[in-house]
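Asker: Required output: the full structure, derived from the provided sequences and hints.
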Amino acid sequence: MGSLSLRDVVKSFGDVKVIHEVNFDIPDGSFTVFVGPSGCGKSTLLRMICGLEGVTSGDIAIDGTRVNDVAAARRGLAMVFQSYALYPHMTVYENMAFGLENIATPKAEIARRVAEAARMLKLEPYLQRKPTALSGGQRQRVAIGRAIVREPRIFLFDEPLSNLDAELRVGMRAELIDLHRRLKTTMIYVTHDQVEAMTMADTIVVLRAGRVEQVGPPLELYNRPANVFVAGFIGSPRMNLLEGRVHRSDAGGIVVELPGHGVFATAAQGGRQRPGDKVMLGIRPEHIRLEGDLNPLAGVVAGVEQLGGLSYVRLADPAVTVQLPGQTRLDFGTGVRLHLPPESIHLFDAEGLALRRTGDAA
Amino acid sequence: MGRFLTATRGLGRWDWTDWAAHLYLILGMLVMFGPVAWLGLSSLKSESGLQAFPPTLLPYEQSSVVVPGRGTLKLFRVVSGEHAGQELGELRRMGLQSQLVDPKAPDTIIRLKLEEREPVTRLRAAWENYSELFGKFNFFGYFWNSVFITAVATILTLLVNSMSAFALSKYRFSGRDAVFLLMLATLMIPPTIVLVPNYLIAATLGLTNSPWGVIWPAVATPTGVFLLRQYMLTLPDELIEAARMDNASEWRIYWRIILPLSAPALAVLAIFSVMWRWNEFLWPMVVLSRSESFTLPLALNAFQGELATQWNFLLAMTVVTLVPITLIFAVLQKHITQGIASAGVK
Numbered sequence: 136m137g138s139l140s141l142r143d144v145v146k147s148f149g150d151v152k153v154i155h156e157v158n159f160d161i162p163d164g165s166f167t168v169f170v171g172p173s174g175c176g177k178s179t180l181l182r183m184i185c186g187l188e189g190v191t192s193g194d195i196a197i198d199g200t201r202v203n204d205v206a207a208a209r210r211g212l213a214m215v216f217q218s219y220a221l222y223p224h225m226t227v228y229e230n231m232a233f234g235l236e237n238i239a240t241p242k243a244e245i246a247r248r249v250a251e252a253a254r255m256l257k258l259e260p261y262l263q264r265k266p267t268a269l270s271g272g273q274r275q276r277v278a279i280g281r282a283i284v285r286e287p288r289i290f291l292f293d294e295p296l297s298n299l300d301a302e303l304r305v306g307m308r309a310e311l312i313d314l315h316r317r318l319k320t321t322m323i324y325v326t327h328d329q330v331e332a333m334t335m336a337d338t339i340v341v342l343r344a345g346r347v348e349q350v351g352p353p354l355e356l357y358n359r360p361a362n363v364f365v366a367g368f369i370g371s372p373r374m375n376l377l378e379g380r381v382h383r384s385d386a387g388g389i390v391v392e393l394p395g396h397g398v399f400a401t402a403a404q405g406g407r408q409r410p411g412d413k414v415m416l417g418i419r420p421e422h423i424r425l426e427g428d429l430n431p432l433a434g435v436v437a438g439v440e441q442l443g444g445l446s447y448v449r450l451a452d453p454a455v456t457v458q459l460p461g462q463t464r465l466d467f468g469t470g471v472r473l474h475l476p477p478e479s480i481h482l483f484d485a486e487g488l489a490l491r492r493t494g495d496a497a
Numbered sequence: 003m004g005r006f007l008t009a010t011r012g013l014g015r016w017d018w019t020d021w022a023a024h025l026y027l028i029l030g031m032l033v034m035f036g037p038v039a040w041l042g043l044s045s046l047k048s049e050s051g052l053q054a055f056p057p058t059l060l061p062y063e064q065s066s067v068v069v070p071g072r073g074t075l076k077l078f079r080v081v082s083g084e085h086a087g088q089e090l091g092e093l094r095r096m097g098l099q100s101q102l103v104d105p106k107a108p109d110t111i112i113r114l115k116l117e118e119r120e121p122v123t124r125l126r127a128a129w130e131n132y133s134e135l136f137g138k139f140n141f142f143g144y145f146w147n148s149v150f151i152t153a154v155a156t157i158l159t160l161l162v163n164s165m166s167a168f169a170l171s172k173y174r175f176s177g178r179d180a181v182f183l184l185m186l187a188t189l190m191i192p193p194t195i196v197l198v199p200n201y202l203i204a205a206t207l208g209l210t211n212s213p214w215g216v217i218w219p220a221v222a223t224p225t226g227v228f229l230l231r232q233y234m235l236t237l238p239d240e241l242i243e244a245a246r247m248d249n250a251s252e253w254r255i256y257w258r259i260i261l262p263l264s265a266p267a268l269a270v271l272a273i274f275s276v277m278w279r280w281n282e283f284l285w286p287m288v289v290l291s292r293s294e295s296f297t298l299p300l301a302l303n304a305f306q307g308e309l310a311t312q313w314n315f316l317l318a319m320t321v322v323t324l325v326p327i328t329l330i331f332a333v334l335q336k337h338i339t340q341g342i343a344s345a346g347v348k
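Residue numbers (the working numbering), protein chains in the order written: chain D, 136 to 497; chain C, 3 to 348.
The hints are simulated quantities; they were obtained by calculation from the structure and are not laboratory data. Among the clues, some could well be false.
[What the hints assert, rightly or not] Derived pair list, reagent style DSBU-like, types lysine-lysine, alpha-carbon separation capped at 35 angstroms:
1. D:Lys-242 to D:Lys-265
2. D:Lys-242 to C:Lys-172
3. C:Lys-106 to C:Lys-76
4. D:Lys-152 to C:Lys-115
5. C:Lys-336 to D:Lys-265
6. D:Lys-265 to D:Lys-319
7. D:Lys-319 to D:Lys-257
8. C:Lys-115 to C:Lys-76
9. D:Lys-265 to C:Lys-172
Answerer: Written out as structure tokens, the structure reads:
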């Protein structure tokens, strides 16, 4: 069992509040990713959950029991650190056994659990080596193995892949997902890389400046970002965001005027929006079309990135990136006419909150 | 070794800078090592050899000869006069004259002026300086006192200083920096100033004439705390957090994680502590007044009597005192340089 719930959790360092009234629940067995730009408090939040940092106010509960005053070791969690934090003077075996020795586990039981973890992580040939004699990926696995042998209720990962090279990272990502499938233990994973978040998570918690911006499954965050920040943060390349004003608001949706580029019909519902109100229009690069007749937008190509399988075309005015399937003949300086499908347009109000679209579930 | 000793700047020939460098280094070696060699060689001289003028570098000793009916006589060579070239045994000296006999004709007494004869010497190491040292004096007693104080004080120093350094480097508590500064500030107080108050405390606690009187005051050293703290600051906090997550108690974190990882700094401090305790003189002299509790430096000092000093034994004992510390230093010097490089500058 390993469910977690946070209620109005606040953390202050002196006068500086770094975590603001955070609330969310993580069900047992889920893979949750905390994602956000650096300095958003995601690591602090993780350290508060595992007990390495105190909680200024609010409650953290594991399996329904409040653990605010329970020492880190007694919470039944295991953490994999960004730097792995392997004990450099101990062998791989000793590293994994240390936590069990500390709770006076019988030697045979330690040997059994370490052997099992080593088999699962393919570390058997390295058990008698020191961490310095291992590659980055192997060290990573030892750190995970050290967490596994303790059979925790929840695994906590603090940016565990950030020290690996790109190729290894993709491999380890798959291994971690596989591990989660086999162990079926709750895992909480912190990263600043939204690609990692999208590919691994059941649930993503997007954090910014100590506040939870949105909680939800990856595709929900992608399809229905709750605000401008999530819209810009989730998805690569990032969503195009253009400032505009409400031109007209009626039953069909809000029509937005982008200064200098005409008016655009959207599927957003605007009860309180009045003509002249500031709004932010967002559309993902892959949703922009070159053909069609709705919402035309004229521009000049300022740059092209050909990736072979797909191409990115950048426009300077307005600053828009377009993702095209396959390869393109467009080149620098070419004038293009884009079309923004109304159903793909996200509209955000002056506070940055998303406006509901027709067809969105309530 | 040969290549090392004849190393040049790498121009393939001996440049003048190579000559200058080697000259400088040889000079330095003479200045540094000369006195030690002098001490070592002198410790092998007999008492009379030590007083010979002009002094000799190697341990020479005047030869003697056994003459039937006359006993053992010192041998002299006659340099001028009718007996020139002969080797004679000296019976006695009278003023500026010397009475000698020929060992082959012991009945004829030959009278010579002092300057007409010179002593016959031979190279002989007076090992008895060493062998008698162990028999004549309570050398092993002093040696044991020194070893006991050095070993126990070093172990306690490492333990106490590392615990203090652990707290000062890895725990966050109010007043931590103040405590640390206070500790460092004590470095600025010369030990002689606190000698009397320290003695009063030691006397009140009944520590005089006990090795513990030397050990306890030496156990906490600001230098050691500073050295270890600076090193421990470089150990990542995540290791401690990982250990905490691994259910390790604070003592286990200290004992199983911090101590093994601080080994280079601990080695440096251990060597320093051994040298300090082994060579310490002033404080033991104040605390220890009974001869049986003396350490080696005190015993060396006691050898210098008010009227007479047995230099040959004093020198031999000095050598014996130097040997252990030299060996320790030679064995561990690699650790010292490594440790200082990693502990001090980081």
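Asker: Against this structure, judge whether each hint is valid.
Answerer: Here's how the hints hold up against the structure:
no.: 1; hint: D:Lys-242 to D:Lys-265; result: 21 angstroms, holds
no.: 2; hint: D:Lys-242 to C:Lys-172; result: 31 angstroms, holds
no.: 3; hint: C:Lys-106 to C:Lys-76; result: 14 angstroms, holds
no.: 4; hint: D:Lys-152 to C:Lys-115; result: 103 angstroms, violated
no.: 5; hint: C:Lys-336 to D:Lys-265; result: 23 angstroms, holds
no.: 6; hint: D:Lys-265 to D:Lys-319; result: 30 angstroms, holds
no.: 7; hint: D:Lys-319 to D:Lys-257; result: 19 angstroms, holds
no.: 8; hint: C:Lys-115 to C:Lys-76; result: 16 angstroms, holds
no.: 9; hint: D:Lys-265 to C:Lys-172; result: 25 angstroms, holds
Comparing the model with each numbered hint stated earlier shows that hint 4 is the single one that does not hold.
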